[in-house]
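The listed protein sequences derive, respectively, from chains A and B.
Using the working numbering, the letters of the first sequence correspond one by one to residues 1 to 240.
Using the working numbering, the letters of the second sequence correspond one by one to residues 1 to 172.
In short, the hints are calculated from the structure, not lab data.
Treat the hints with caution; some may be incorrect.
[Stated by the list, open to error] Okay, derived cross-link-like pairs now, DSS-like style, lysine-lysine, Cα gap no bigger than 27 Å in a straight line:
no., chain 1, residue 1, chain 2, residue 2
1, B, Lys80, A, Lys87
2, A, Lys71, A, Lys82
3, A, Lys27, A, Lys183
4, A, Lys128, A, Lys87
5, A, Lys128, B, Lys80
6, A, Lys142, A, Lys128
7, A, Lys27, A, Lys71
8, B, Lys80, A, Lys71
9, A, Lys71, A, Lys183
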Amino acid sequence: MTTPPDETAIVFDAVTRAYSTKTESVKALDAVSFKVERGGIVAVVGPSGSGKTTLLNMAAALDFPTQGTVKVAGVVTSALGKEDLQKFRNETVGVVFQQFFLIGHLTVFQNVMIPLIPRHLSSNEKTKRILESIAKVGLADKAGRLPSELSGGELQRAAIARGMVGDAPVILADEPTGNLDHKRGTEVMDTLMEESRERSKTVLIATHDLRLLDRVDGIVYLEDGEITKVEGRRVQRNGA
Amino acid sequence: MARRHRPLRAVSLVFAGFVTLVLLSQLSAHFFAEAIPKHLLVKNAAVIASIEQTSTELAFAAAALGLVFAGAVLLITRQKVAADVDTYRATGLPLSSAYLRLLRSHSVAPLAWVAGAAALTALVDIDFGLDALFPIGLAVSFAALLVIWLAFLSSLSFSQKGFEGRSGGRAG
Numbered sequence: 001m002t003t004p005p006d007e008t009a010i011v012f013d014a015v016t017r018a019y020s021t022k023t024e025s026v027k028a029l030d031a032v033s034f035k036v037e038r039g040g041i042v043a044v045v046g047p048s049g050s051g052k053t054t055l056l057n058m059a060a061a062l063d064f065p066t067q068g069t070v071k072v073a074g075v076v077t078s079a080l081g082k083e084d085l086q087k088f089r090n091e092t093v094g095v096v097f098q099q100f101f102l103i104g105h106l107t108v109f110q111n112v113m114i115p116l117i118p119r120h121l122s123s124n125e126k127t128k129r130i131l132e133s134i135a136k137v138g139l140a141d142k143a144g145r146l147p148s149e150l151s152g153g154e155l156q157r158a159a160i161a162r163g164m165v166g167d168a169p170v171i172l173a174d175e176p177t178g179n180l181d182h183k184r185g186t187e188v189m190d191t192l193m194e195e196s197r198e199r200s201k202t203v204l205i206a207t208h209d210l211r212l213l214d215r216v217d218g219i220v221y222l223e224d225g226e227i228t229k230v231e232g233r234r235v236q237r238n239g240a
Numbered sequence: 001m002a003r004r005h006r007p008l009r010a011v012s013l014v015f016a017g018f019v020t021l022v023l024l025s026q027l028s029a030h031f032f033a034e035a036i037p038k039h040l041l042v043k044n045a046a047v048i049a050s051i052e053q054t055s056t057e058l059a060f061a062a063a064a065l066g067l068v069f070a071g072a073v074l075l076i077t078r079q080k081v082a083a084d085v086d087t088y089r090a091t092g093l094p095l096s097s098a099y100l101r102l103l104r105s106h107s108v109a110p111l112a113w114v115a116g117a118a119a120l121t122a123l124v125d126i127d128f129g130l131d132a133l134f135p136i137g138l139a140v141s142f143a144a145l146l147v148i149w150l151a152f153l154s155s156l157s158f159s160q161k162g163f164e165g166r167s168g169g170r171a172g
């Protein structure tokens, strides 16, 4: 008898993230529970400070719960040791940061190459993947440019190319259309949809951009660190 | 073509500038110690000793200034370099790989040039007995300081489990 493959890509189980200051403890996330099916494209929406970025950082194993567990691609992130954590960040998730975090003295090509550095791939294969990824976001003619030579939208697309180049099964994007006009935003969304539909990637997007909501499978609404509503396909409240 | 912003390369250049000052102070001491007694047509040991003492004081002052300036620049650029380390860590690079990339990005080449120049000067001027060890030692010390500083920043970032997401990481 064979076990069916795990169709759940992301599980947040009663996740609380509290930050302590000298005088008080602030909860960025409070008992957040939901799960996303593999291949789903789900938006996390909410006002500024609602905990969207904290939630994405948790899924990327860049932050960890004070209570509860986060499971991504079957892995409980807080249980990972140092080497497994590096491998997880490199192979399991592709992250697109809101502030891009491109390295200023590296070209677009070199920035996009970073996730492939630890991979055991031939130089030709790495170059092929990088160029494909850059072309997908429409920056083929700017691969040799430095970040300081790019517009805000181009920086965002370079960050997206870096998030996709590693071919990770889960893509986490923080405001991926935040700096783009409608046309470019649609193109970026098309790229993320293509990754999801054709390559079975799970995509979790934190966004303010209400135009995206018609195109995603499901929506998680956050307010003050708590889930107020979960709707759509491929996402549900955990335990519901 | 925009310039590549390599904060620690700037630090390296500052260090190299001060090592050059040390070297120049010693060369000028050589020049005056040779030229002045010839001009006076007397070998005045006291004059030569005084020139050498002033040269040594200048060399130490330049070295101390170099340390203070470069230390300040290291602290100022800390956040930007740390943001680069965070980015490498967030994309799953191991510490050793991130560290090597930092070393390659923030070259210490200017210090090597100055150390080489000091060594060359000493070889050319071996009879004078120019103390090239001082500028060479200084260049090596500065290079070591840079390498240790990068190791410190890398280890600090990698010892954290979470991610600070410094805004300094934004490009441009």
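Original post:
If you draw a straight line from the CA of A:Lys71 to the CA of A:Lys82, is it 27 Å or shorter?
Top reply: 17 Å, holds
**OP:** Take a quick look at whether A:Lys27 and A:Lys71 sit within 27 Å of each other, Cα to Cα.
**Re:** The given pair, whose Cα atoms are some 20 Å apart, holds under the 27 Å limit.
Subject >> Agreement of A:Lys71 and A:Lys183 with the hint, judged by alpha carbon distance not exceeding 27 Å >> reply: At roughly 35 Å apart (the allowed maximum being 27 Å), A:Lys183 and A:Lys71 break the hint.
**OP:** Could you grab the alpha-carbon distance between B:Lys80 and A:Lys87 and see if it respects the 27 Å cut-off?
**Re:** The hint holds at about 25 Å.
Subject >> Pairwise hint evaluation, A:Lys71 against B:Lys80, where the allowed Cα distance is 27 Å at most >> reply: 32 Å, violated
Original post:
A:Lys142 and A:Lys128: Cα distance at most 27 Å?
Top reply: The given pair, whose Cα atoms are some 16 Å apart, holds under the 27 Å limit.
Subject >> Given hint A:Lys183 paired with A:Lys27 - CA-CA distance at most 27 Å >> reply: Cα-Cα ~37 Å, so violated.
Original post:
Between A:Lys128 and B:Lys80, is the straight-line Cα distance small enough, at 27 Å or below?
Top reply: 30 Å, violated
**OP:** Measure nothing beyond the straight line between the CA atoms of A:Lys128 and A:Lys87; if it is 27 Å or shorter, mark the hint as holding.
**Re:** Holds - the C-alpha atoms of A:Lys87 and A:Lys128 are around 22 Å apart, at most 27 Å.
Checked against the numbered hints above, the structure breaks hints 3, 5, 8 and 9 and satisfies the rest.
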